[in-house]
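Engineer: Protein chains in written order, with the working numbering: chain A, 1 to 166; chain B, 1 to 364.
Mixed in with the good hints there might be a few duds.
[Said to hold, decoys possible] Only pairs whose alpha carbons sit at most 30 Å apart, straight line, appear in this in silico DSS-like list of lysine-lysine:
1. B:LYS6 x B:LYS51
2. B:LYS201 x A:LYS33
3. B:LYS256 x A:LYS3
4. A:LYS72 x A:LYS55
5. B:LYS201 x A:LYS29
6. B:LYS166 x B:LYS118
7. A:LYS47 x B:LYS204
8. B:LYS97 x A:LYS28
9. B:LYS51 x A:LYS3
10. B:LYS201 x A:LYS28
11. A:LYS33 x B:LYS38
12. A:LYS73 x A:LYS55
13. B:LYS38 x B:LYS98
[As the list claims (entries may be wrong)] Label-pair ranges, simulated between beta-carbon atoms:
14. B:PHE263 x A:CYS22: 32 to 42 Å
15. B:PHE85 x A:CYS22: 16 to 26 Å
16. B:LEU252 x A:CYS22: 47 to 57 Å
17. B:LEU271 x A:LEU50: 23 to 33 Å
18. B:GLU129 x A:ILE10: 23 to 33 Å
19. A:ILE10 x B:LEU13: 31 to 41 Å
20. A:GLU43 x B:GLY283: 33 to 43 Å
21. B:LEU252 x A:GLU43: 28 to 38 Å
22. A:ILE10 x B:VAL70: 25 to 35 Å
[Said to hold, decoys possible] Derived coverage of chain A by chain B (criterion: at least 3 residues anywhere in the stretch with Cβ under 8 Å from a Cβ of chain B; other residues may be distant):
23. 28–39
24. 139–148
If you are wondering where the hints come from, they were derived from the structure by calculation, not from laboratory data. Please read all numbers here as calculations on a predicted model, not as lab measurements. No residue lacks a Cβ here, since even glycine has one placed at the ideal position from N, Cα and C.
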Amino acid sequence: MEKLLSEFSIGLFFWQTVIFVCLIFLLKKYAWKPILDSVNEREEGIKNALLSAEKAKEEMASLQSDNEQTLKKARLERDGLLKEAREIKQKLIDDAKNEASAEAKKILIQAQETIKSEKNAAIVDLKNQVANLSVEIAEKVLKEKLSNDKSQMELVKELVKDVSLK
Amino acid sequence: MKNFIKLFPIITLFFVGSFYLQASFEINTKETNSKGSKKSEIKEYINHHLKDSHSYSLTSYTDEQTGKKVYIEIPLPVILYDNGFHFFMSSSLKHGKKVVESDGNYYKLNYHDSKIYKTNKQGVFNFDENHHPTNYAPLDFSITKNIATIILVAILMFLLFRSLAKSFISNNGISKGIGRFFEPIILYIRDDIAIPNIGEKKYKDYMSFLLTVFFFIWFLNMLGLTPLGVNVTGNIAVTFSLALLTFLITNLTANKNYWGHIFWMPGVPMLIKIVLAPIELLGVFIKPFSLLIRLYANIQAGHIVLYSLIGLMFIFNNMIGSSLSFVLAFFISIIEILVALLQAYIFTMLSALYFGFAVAEEDH
Numbered sequence: 001m002e003k004l005l006s007e008f009s010i011g012l013f014f015w016q017t018v019i020f021v022c023l024i025f026l027l028k029k030y031a032w033k034p035i036l037d038s039v040n041e042r043e044e045g046i047k048n049a050l051l052s053a054e055k056a057k058e059e060m061a062s063l064q065s066d067n068e069q070t071l072k073k074a075r076l077e078r079d080g081l082l083k084e085a086r087e088i089k090q091k092l093i094d095d096a097k098n099e100a101s102a103e104a105k106k107i108l109i110q111a112q113e114t115i116k117s118e119k120n121a122a123i124v125d126l127k128n129q130v131a132n133l134s135v136e137i138a139e140k141v142l143k144e145k146l147s148n149d150k151s152q153m154e155l156v157k158e159l160v161k162d163v164s165l166k
Numbered sequence: 001m002k003n004f005i006k007l008f009p010i011i012t013l014f015f016v017g018s019f020y021l022q023a024s025f026e027i028n029t030k031e032t033n034s035k036g037s038k039k040s041e042i043k044e045y046i047n048h049h050l051k052d053s054h055s056y057s058l059t060s061y062t063d064e065q066t067g068k069k070v071y072i073e074i075p076l077p078v079i080l081y082d083n084g085f086h087f088f089m090s091s092s093l094k095h096g097k098k099v100v101e102s103d104g105n106y107y108k109l110n111y112h113d114s115k116i117y118k119t120n121k122q123g124v125f126n127f128d129e130n131h132h133p134t135n136y137a138p139l140d141f142s143i144t145k146n147i148a149t150i151i152l153v154a155i156l157m158f159l160l161f162r163s164l165a166k167s168f169i170s171n172n173g174i175s176k177g178i179g180r181f182f183e184p185i186i187l188y189i190r191d192d193i194a195i196p197n198i199g200e201k202k203y204k205d206y207m208s209f210l211l212t213v214f215f216f217i218w219f220l221n222m223l224g225l226t227p228l229g230v231n232v233t234g235n236i237a238v239t240f241s242l243a244l245l246t247f248l249i250t251n252l253t254a255n256k257n258y259w260g261h262i263f264w265m266p267g268v269p270m271l272i273k274i275v276l277a278p279i280e281l282l283g284v285f286i287k288p289f290s291l292l293i294r295l296y297a298n299i300q301a302g303h304i305v306l307y308s309l310i311g312l313m314f315i316f317n318n319m320i321g322s323s324l325s326f327v328l329a330f331f332i333s334i335i336e337i338l339v340a341l342l343q344a345y346i347f348t349m350l351s352a353l354y355f356g357f358a359v360a361e362e363d364h
């Protein structure tokens with residue numbers, strides 16, 4: 001102990017304390033604070049990055065499910081549209097067919113009527129012509145027959161014979 | 001890192017080798033020495049190495065022609081306070097062989113305890129019965145070998161961690177180069193020493209001290225293992241200063257709860273409260289005292305063992321014994337490298353623990 005105390009140098013103690021305290025404050029200002037701050041900052045950065053990555057992952061998942069739903073909906077809609085289109089097509093075809101057949105029927109009926117009326121007109125015309133022809137023939141025959149007075153008289157006689165006075 | 005691990009034993013071997021060479025210059029100079037005087041010479045060599053010195057001596061040898069000891073060293077400034085400051089360079093002391101005159105006063109270095117005493121013009125020491133000089137010793141504020149090393153380490157640490165901070169800032173929080181090696185250590189001190197002991201809330205206030213003290217002790221311990229041969233953390237004044245700071249920070253930042261636990265322990269009977277108070281109060285001083293003794297004793301002991309083993313090579317002075325103690329010295333220095341880190345860790349860890357006591361919230 002006595003040896004220890006005799007070895008104790010006040011000068012060394014003094015300088016050691018002064019230099020060491022100065023070193024603490026210098027290093028605090030120029031080294032430890034910037035180092036620890038930037039380490040903290042880095043750790044915060046890593047933490048934040050991990051959190052945001054997790055968040056992005058979740059968002060991605062929700063986005064994907066959203067996408068799937070939209071796709072499903074779109075598919076359903078497409079199916080519906082296709083079905084509707086097919087129905088419309090069928091209906092259009094059916095309608096057209098119906099209309100066409102109705103029109104055809106109508107045209108047929110009209111044609112028949114026309115034919116009928118034409119036929120009637122032709123019959124009347126024919127009748128008239130036959131009548132005219134027969135009158136003309138009769139006229140011509142009569143004219144022939146009555147070309148001489150004898151035959152005229154005979155006829156008159158005959159006619160008169162038929163006509164009895166009552 | 002792998003290369004570093006491969007290089008590690010080679011570096012250690014190199015260090016032990018240069019210790020040997022250094023010692024061989026200083027010890028094995030006189031061929032005619034008998035074993036007894038060689039032993040005492042080694043003892044003095046070790047003792048001298050453990051002490052602080054006024055110059056940065058790298059090695060010394062005895063000139064064969066003149067028979068004088070020649071020192072290869074860097075002179076350091078001597079600052080004495082004796083009714084005003086006195087400055088001169090340590091080279092003028094000539095290792096206690098010359099009296100230095102400064103402003104009308106005469107000073108001389110006593111080689112045996114490496115202290116400077118005020119003497120008369122002839123430089124006469126008056127010794128007491130224990131062979132201690134009774135001359136007046138002025139207050140010595142010299143930049144000694146240890147202080148020069150402390151300044152060197154402080155500058156080194158400042159530059160190192162400043163550059164680490166800069167690389168952090170310029171690289172968006174990613175370290176570069178040598179910072180890659182120190183960054184995990186800094187994070188370890190924060191995550192495994194400061195936060196578990198002090199708590200999430202208050203640890204930030206103590207981080208600067210813990211980080212500085214850890215690296216400071218570690219670097220100085222490591223420097224003590226290099227052939228520079230400094231023994232800073234094995235010096236009681238240095239460890240006292242470090243432990244004093246832990247003591248002051250603990251007690252100046254302590255909350256009501258801490259003092260409550262010392263003077264009026266809650267949850268125990270009245271009589272025990274009275275008995276516990278002085279014990280707890282004593283504990284306040286014993287805790288940092290254990291810090292200073294632990295660090296001092298570990299590093300001092302490590303140096304003594306290492307230097308003794310190197311000294312043994314000269315005692316054996318044959319192939320088998322000397323190479324055996326060389327191998328032993330090699331392994332001891334590897335263990336010392338571990339101790340260097342371990343002691344820095346323990347000092348930091350216990351400081352953090354004491355700070356944790358000081359700021360603990362009442363939760364039971």
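Engineer: Indicate, hint by hint, whether the structure satisfies it.
Structural biologist: To see whether the hints hold, each was checked on the structure:
no., hint, result
1, B:LYS6 x B:LYS51, "violated (34 Å)"
2, B:LYS201 x A:LYS33, "holds (16 Å)"
3, B:LYS256 x A:LYS3, "violated (39 Å)"
4, A:LYS72 x A:LYS55, "holds (25 Å)"
5, B:LYS201 x A:LYS29, "holds (21 Å)"
6, B:LYS166 x B:LYS118, "violated (49 Å)"
7, A:LYS47 x B:LYS204, "holds (20 Å)"
8, B:LYS97 x A:LYS28, "violated (45 Å)"
9, B:LYS51 x A:LYS3, "holds (12 Å)"
10, B:LYS201 x A:LYS28, "holds (19 Å)"
11, A:LYS33 x B:LYS38, "violated (53 Å)"
12, A:LYS73 x A:LYS55, "holds (27 Å)"
13, B:LYS38 x B:LYS98, "holds (26 Å)"
14, B:PHE263 x A:CYS22: 32 to 42 Å, "holds (35 Å)"
15, B:PHE85 x A:CYS22: 16 to 26 Å, "holds (20 Å)"
16, B:LEU252 x A:CYS22: 47 to 57 Å, "violated (18 Å)"
17, B:LEU271 x A:LEU50: 23 to 33 Å, "violated (56 Å)"
18, B:GLU129 x A:ILE10: 23 to 33 Å, "holds (25 Å)"
19, A:ILE10 x B:LEU13: 31 to 41 Å, "holds (39 Å)"
20, A:GLU43 x B:GLY283: 33 to 43 Å, "holds (37 Å)"
21, B:LEU252 x A:GLU43: 28 to 38 Å, "holds (30 Å)"
22, A:ILE10 x B:VAL70: 25 to 35 Å, "holds (32 Å)"
23, 28–39, "holds (count 10)"
24, 139–148, "violated (count 0)"
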